[in-house]
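Visitor: Here are the chains, one letter per residue:
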Amino acid sequence: MKITISQIGAKQLVTLEGRLDTTNALQFQEDIKPLMEGETPDIEIDCTNMEYTSSQGLRIFLMLQKSVNARKGKMVMKNMKPQVKEVFDITGFSNIICII
Amino acid sequence: MVTRFEPIAGKTAEIIEALMASEDMPISEDLQFKLRLCIEEVVENIVSYAYDGGNGWVEVGTQLVGDSLVITLKDEGIPFNPLEKSDPDITLSAEERQIGGLGIFLCKQMMDKLEYERIDGCNLFKMTKHLKQ
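Note that the protein sequences, when read in sequence, are chains A and B.
Residue 72 in the numbering used here sits at position 72 of the first sequence, and the numbers go up by one each step.
Residue 40 in the numbering used here sits at position 40 of the second sequence, and the numbers go up by one each step.
Check the hints yourself; a few may be wrong.
Here's a subset of chain B near chain A, in silico, CB distances under 7 Å, partners left out [what the hints assert, rightly or not]: (1) Gln32; (2) Phe33; (3) Leu37; (4) Ala94; (5) Leu102; (6) Gln109; (7) Met111.
Short, incomplete list of chain A residues facing chain B, as computed with Cβ under 7 Å [unchecked claim]: (8) Thr22; (9) Thr23; (10) Leu26; (11) Ser54; (12) Ser55; (13) Arg59; (14) Leu62; (15) Gln65; (16) Lys66; (17) Asn69; (18) Gly73; (19) Met75; (20) Asn79; (21) Gln83; (22) Ile90.
Note that these hints are calculated values from the structure, not bench results.
Glycine included, each C-beta is placed from N, C-alpha and C at the ideal position.
With the hints as constraints, model all of the structure from the sequences given.
Guide: As structure tokens, then:
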């Protein structure tokens, strides 16, 4: 999983590329640390090239969403592939994470 | 096809790939996506917990039965019936949701049948997926 984080004004733009699974979930958790800091975060995650996530990945997105909520910020995930979106749908994550 | 792995510590990816490489696997990308996800969830559980961090073996196999693919995983670890685990409440808010507990739930949703048996000191877990949608 390749992750790119860029700061555009007050917004953090994130692009995800590849597969998020049991082999790289811990690394991913390290890589998103810059998103877990700061007041009222405004995070946009582009999932165009995110191929796959297992429950290990979902766990990290939930952690991030909790952190964003606690800091009164907002986060959206966009351009998710249908198969990946289905994983978010059947676990109810589509109700707690804004997916556009 | 049955493949045995011993020891299994750190072998999660290798075990998943062995199953995905089976000639019984469907060619549909959508089905492969779902099967890989379910296989990963179960293999990860076995590697992490079956032998309590210690080492042991697992036998994994696939079989076509009529229009269905049956994936079998057998280990000699601590008795554990994943089907007894209660489902997460997917209506809760982010704050109320627990981190974790989603793996088996995903398998329940994506596969057509899950079966667990404890036989001769082994955990035997079977997942069945109808391939003709």
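Visitor: Now, for every hint given, state plainly whether the structure supports it.
Guide: Verification of the hints:
Annotation: glutamine 32 of chain B was flagged as interfacial toward chain A, and the flag is violated, the nearest CB pair being 10 Å apart, outside 7 Å. A distance limit of 7 Å between C-beta atoms decides the matter here; for phenylalanine 33 of chain B the minimum to chain A is near 5 Å, and the interface restraint holds. The beta carbon of leucine 37 of chain B is positioned within 7 Å of a beta carbon in chain A (closest approach about 6 Å), and the interface hint is therefore held. Because the smallest distance between the Cβ of alanine 94 of chain B and any Cβ of chain A comes to about 4 Å, under 7 Å, the interface hint for this residue holds.
Because the beta carbon of leucine 102 of chain B sits about 4 Å from the nearest beta carbon in chain A, less than 7 Å, this interface hint is met. Of the supplied interface hints, the one on glutamine 109 of chain B holds, with its beta-carbon coming within about 5 Å of a beta-carbon of chain A, less than 7 Å. This hint is violated: methionine 111 of chain B has a C-beta 12 Å from the nearest C-beta of chain A, more than the 7 Å allowed. Residue-level restraint check for threonine 22 of chain A holds (minimum Cβ-Cβ distance to chain B is 5 Å; threshold 7 Å).
A least Cβ separation of about 5 Å between threonine 23 of chain A and chain B falls short of the 7 Å threshold, and the interface hint therefore holds. Look at leucine 26 of chain A: its Cβ only gets to about 12 Å from chain B, farther than 7 Å, so that hint breaks. With its C-beta approaching chain B no nearer than about 5 Å, serine 54 of chain A sits inside the 7 Å limit, and its interface hint holds. Because the closest C-beta pair between serine 55 of chain A and chain B is about 4 Å apart, less than 7 Å, the hint holds.
Residue-level restraint check for arginine 59 of chain A holds (minimum Cβ-Cβ distance to chain B is 5 Å; threshold 7 Å). Here the hint on leucine 62 of chain A is kept, as its CB sits about 6 Å from the closest CB of chain B, short of 7 Å. The closest approach between the C-beta of glutamine 65 of chain A and any C-beta of chain B is roughly 5 Å, which is under the 7 Å cut-off, so the hint is satisfied. The beta carbon of lysine 66 of chain A comes within 5 Å of a beta carbon in chain B, closer than 7 Å, and the hint placing it at the interface holds.
Taken as an interface hint, asparagine 69 of chain A checks out: its beta carbon lies about 6 Å from the nearest beta carbon of chain B, inside 7 Å. Below 7 Å, beta-carbon pairs count as interface contacts, and glycine 73 of chain A has none with chain B, the closest being about 12 Å; its hint is therefore violated. A hinted interface residue such as methionine 75 of chain A counts as satisfied when its beta carbon comes closer than 7 Å to some beta carbon of chain B; here the least separation is about 10 Å, so the hint is violated. Hint status for asparagine 79 of chain A: violated, given a least beta-carbon distance of 17 Å to chain B, over 7 Å.
For glutamine 83 of chain A, the interface hint holds, the least distance from its beta-carbon to any beta-carbon of chain B being 5 Å, beneath 7 Å. For isoleucine 90 of chain A, the suggested interface contact is upheld, since its CB lies about 5 Å from the closest CB of chain B, less than 7 Å.
Checked against the numbered hints given earlier, this structure breaks hints 1, 7, 10, 18, 19 and 20; the rest are met.
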